[in-house]
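> Each chain is listed here by its residues.
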Amino acid sequence: MKKIRIGSGAGYAGDRLEPALELMEHGNLNYICFEGLAERTIALAQKAKKADPEKGYNDLLLYRMEKVLPLAHKNKIKVITNMGAANPKKAMEEVAKLATTLGLKNLKVAAVLGDDISNKIQDYIRETVIETGQPLSEINKELFSANAYLGSDGIVEALSNDADIIITGRVADPSLFLAPLLYEFGWEKTDWEKMGIGTMIGHLLECAGQVTGGYFADPGVKEVPNLWNLGFPLVEVNEVGKGFITKLDNTGGMVTTATCTEQLLYEIHDPENYLTPDCTADFSKVTFKELQKDTIEFSGASGKSATATHKVSVGYLNGFIGEGQISYGGPNCVARALLAKEIVEKRLENLSFPISELRCDLIGINSLFDKGEIPKDINEARLRVAGKTNTKEQAQFIANEVETLYTNGPYGGGGATKKVDEIISIASILVPKDDFEINVLYKTT
Amino acid sequence: MKLWEIAHVRTGDKGNISNVSVTVYDPEHFKIVSEKLTPEFIKKWFGKQVLGEVKRYDLPQLGALNFVMYDALGGGVTSSTALDKHGKTLGAYLLNIPF
Chain A
1 MKKIRIGSGA GYAGDRLEPA LELMEHGNLN YICFEGLAER TIALAQKAKK ADPEKGYNDL
61 LLYRMEKVLP LAHKNKIKVI TNMGAANPKK AMEEVAKLAT TLGLKNLKVA AVLGDDISNK
121 IQDYIRETVI ETGQPLSEIN KELFSANAYL GSDGIVEALS NDADIIITGR VADPSLFLAP
181 LLYEFGWEKT DWEKMGIGTM IGHLLECAGQ VTGGYFADPG VKEVPNLWNL GFPLVEVNEV
241 GKGFITKLDN TGGMVTTATC TEQLLYEIHD PENYLTPDCT ADFSKVTFKE LQKDTIEFSG
301 ASGKSATATH KVSVGYLNGF IGEGQISYGG PNCVARALLA KEIVEKRLEN LSFPISELRC
361 DLIGINSLFD KGEIPKDINE ARLRVAGKTN TKEQAQFIAN EVETLYTNGP YGGGGATKKV
421 DEIISIASIL VPKDDFEINV LYKTT
Chain B
1 MKLWEIAHVR TGDKGNISNV SVTVYDPEHF KIVSEKLTPE FIKKWFGKQV LGEVKRYDLP
61 QLGALNFVMY DALGGGVTSS TALDKHGKTL GAYLLNIPF
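Sequence order for the protein chains is A and B.
Quick note: the first sequence uses UniProt numbering, first residue 1, plus one each step.
Quick note: the second sequence uses UniProt numbering, first residue 1, plus one each step.
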């Protein structure tokens, strides 16, 4: 029975590269997928592309490809990635150029286009924003990006045309991994059980090291061996959709029923109805079984038909966040940090400009979750003040009012830091799939 | 005894919605954990952190419960003024629940 092996080379835009190279060298892989787009990443990339039309793809794309391409060529591994972000066409051209420089001949690089509908966002201005229930037009800010979560179609098309390296913009994370299964096994796009299985496989792999123990260790109760040398996961699956997830023997980390269960439910709401562009996946009956150490068999995934719409993330500039921090140590440090907090709060009252969602937390005490109690007998406390403003200068004012505590606050403040971030917010709308046209471009070295 | 000794958690975010899965180490503990961790209990435990409703999905074959908490992240990663904008650390606070 035909079977293939798919590895996971990155779980987010800035992930480590070494485990991916190990997998490509020793994993006997047919495919490797690099996932590099979080909810907001593509909006940031659109902003970069606006400033410079030659940019807008993942910053680490060429750094990664310089090491990945020779291995892909040598070991006949196809590479699929959404690192094209806001500019897959330019990313394809740069990767093809790099391959030529590296002396790699007859490498076919593809770009999957069609997710970007930024230039016709006004057509959808009356659509309802999922997060707020209000029409998109209510946002009243410049809507500068709109990217749909495409499914596996464009990647499957590129594979059918013998592409070796496939670079996409916004494609749903599991679809990157589902595509080679559809292509290799000829699964029907309406075989919902298979679509569900492939989506589950993609979901297990999409965060790379998160399923091999890279988000699991808790000393004493959840020990993970050699976490410093964490290996990335791979799946071996056959044409009826049976298979297992594992990692390379000589790497750190672990694959257990527990790491797989955590990853299966990661960022899932109703496990029976996980909406993706390819299908409505059903993970509610999934089971895991240990075949041997670090090798877990999966079964029980299924699915139903996909919805008729694509989710589109609309990016808009939404003001600024100004933030300052300062530390106090030694006896009575908590009382001094609290005095500093009170001082800053008073100085930020009655300004000529509005500050919203002002937060004043003590790091190490209540900055992550406020339990309503403040211990007094600790040896250091760090004040963090953050608030939202309309302009950069106003945000800078908040940050400065923390730094000035050095000489205008309690004794012994140290290690002050300040920063200002522009807020890029996302509104999600649903757009009929029929409104999208997928286009695949190619460049052969 | 704390929940920490019998179960592990994983937290994720989508917009302003946080989800926390709670998985027992030993299937025998699934019953007592599911009896205690009702959606109402979880909402009360998180207090003002979770402004919306809490939904629970059960996966008994995995010994897991999945809690979906609405309006829980101060607007979410794209707009919150919190230090942990994803709320990735939230689930760990459930492990303090006494048993």
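There's no promise every hint is true.
What the hints assert, rightly or not - The following residues of chain B were derived to be distant from chain A, with all beta-carbon distances above 12 Å:
no., residue
1, Glu5
2, Arg10
3, Thr11
4, Ile17
5, Thr23
6, Glu28
7, Lys31
8, Ile32
9, Phe41
10, Lys43
11, Asp84
12, Gly87
13, Phe99
What the hints assert, rightly or not - Listed next, the stretches of chain B that the computed footprint assigns to chain A, with coverage defined by at least 3 CB atoms under 8 Å from CB atoms of chain A:
no., segment
14, 61-70
15, 88-97
As the list claims (entries may be wrong) - Restricting the straight-line Cα-Cα distance to at most 25 Å, the calculated cross-link-like pairs of lysine-lysine (BS3-like) are:
no., chain 1, residue 1, chain 2, residue 2
16, A, Lys304, A, Lys89
17, B, Lys85, A, Lys311
18, B, Lys85, B, Lys36
19, A, Lys285, B, Lys85
It should be emphasised that the hints constitute simulated quantities derived from the structure, not laboratory data.
Computed from a prediction, not measured in an experiment: that's the story for all the values here.
Idealized CB from N, CA, C, for every residue including glycine.
> Confirm or reject each hint.
To see whether the hints hold, each was checked on the structure:
no. : hint                  : verdict
1   : Glu5                  : 7 Å, violated
2   : Arg10                 : 4 Å, violated
3   : Thr11                 : 9 Å, violated
4   : Ile17                 : 7 Å, violated
5   : Thr23                 : 5 Å, violated
6   : Glu28                 : 16 Å, holds
7   : Lys31                 : 18 Å, holds
8   : Ile32                 : 18 Å, holds
9   : Phe41                 : 16 Å, holds
10  : Lys43                 : 14 Å, holds
11  : Asp84                 : 5 Å, violated
12  : Gly87                 : 9 Å, violated
13  : Phe99                 : 15 Å, holds
14  : 61-70                 : holds (count 6)
15  : 88-97                 : holds (count 3)
16  : Lys304/A with Lys89/A : 33 Å, violated
17  : Lys85/B with Lys311/A : 22 Å, holds
18  : Lys85/B with Lys36/B  : 28 Å, violated
19  : Lys285/A with Lys85/B : 32 Å, violated
In summary, the numbered hints that this structure violates are 1, 2, 3, 4, 5, 11, 12, 16, 18, 19.
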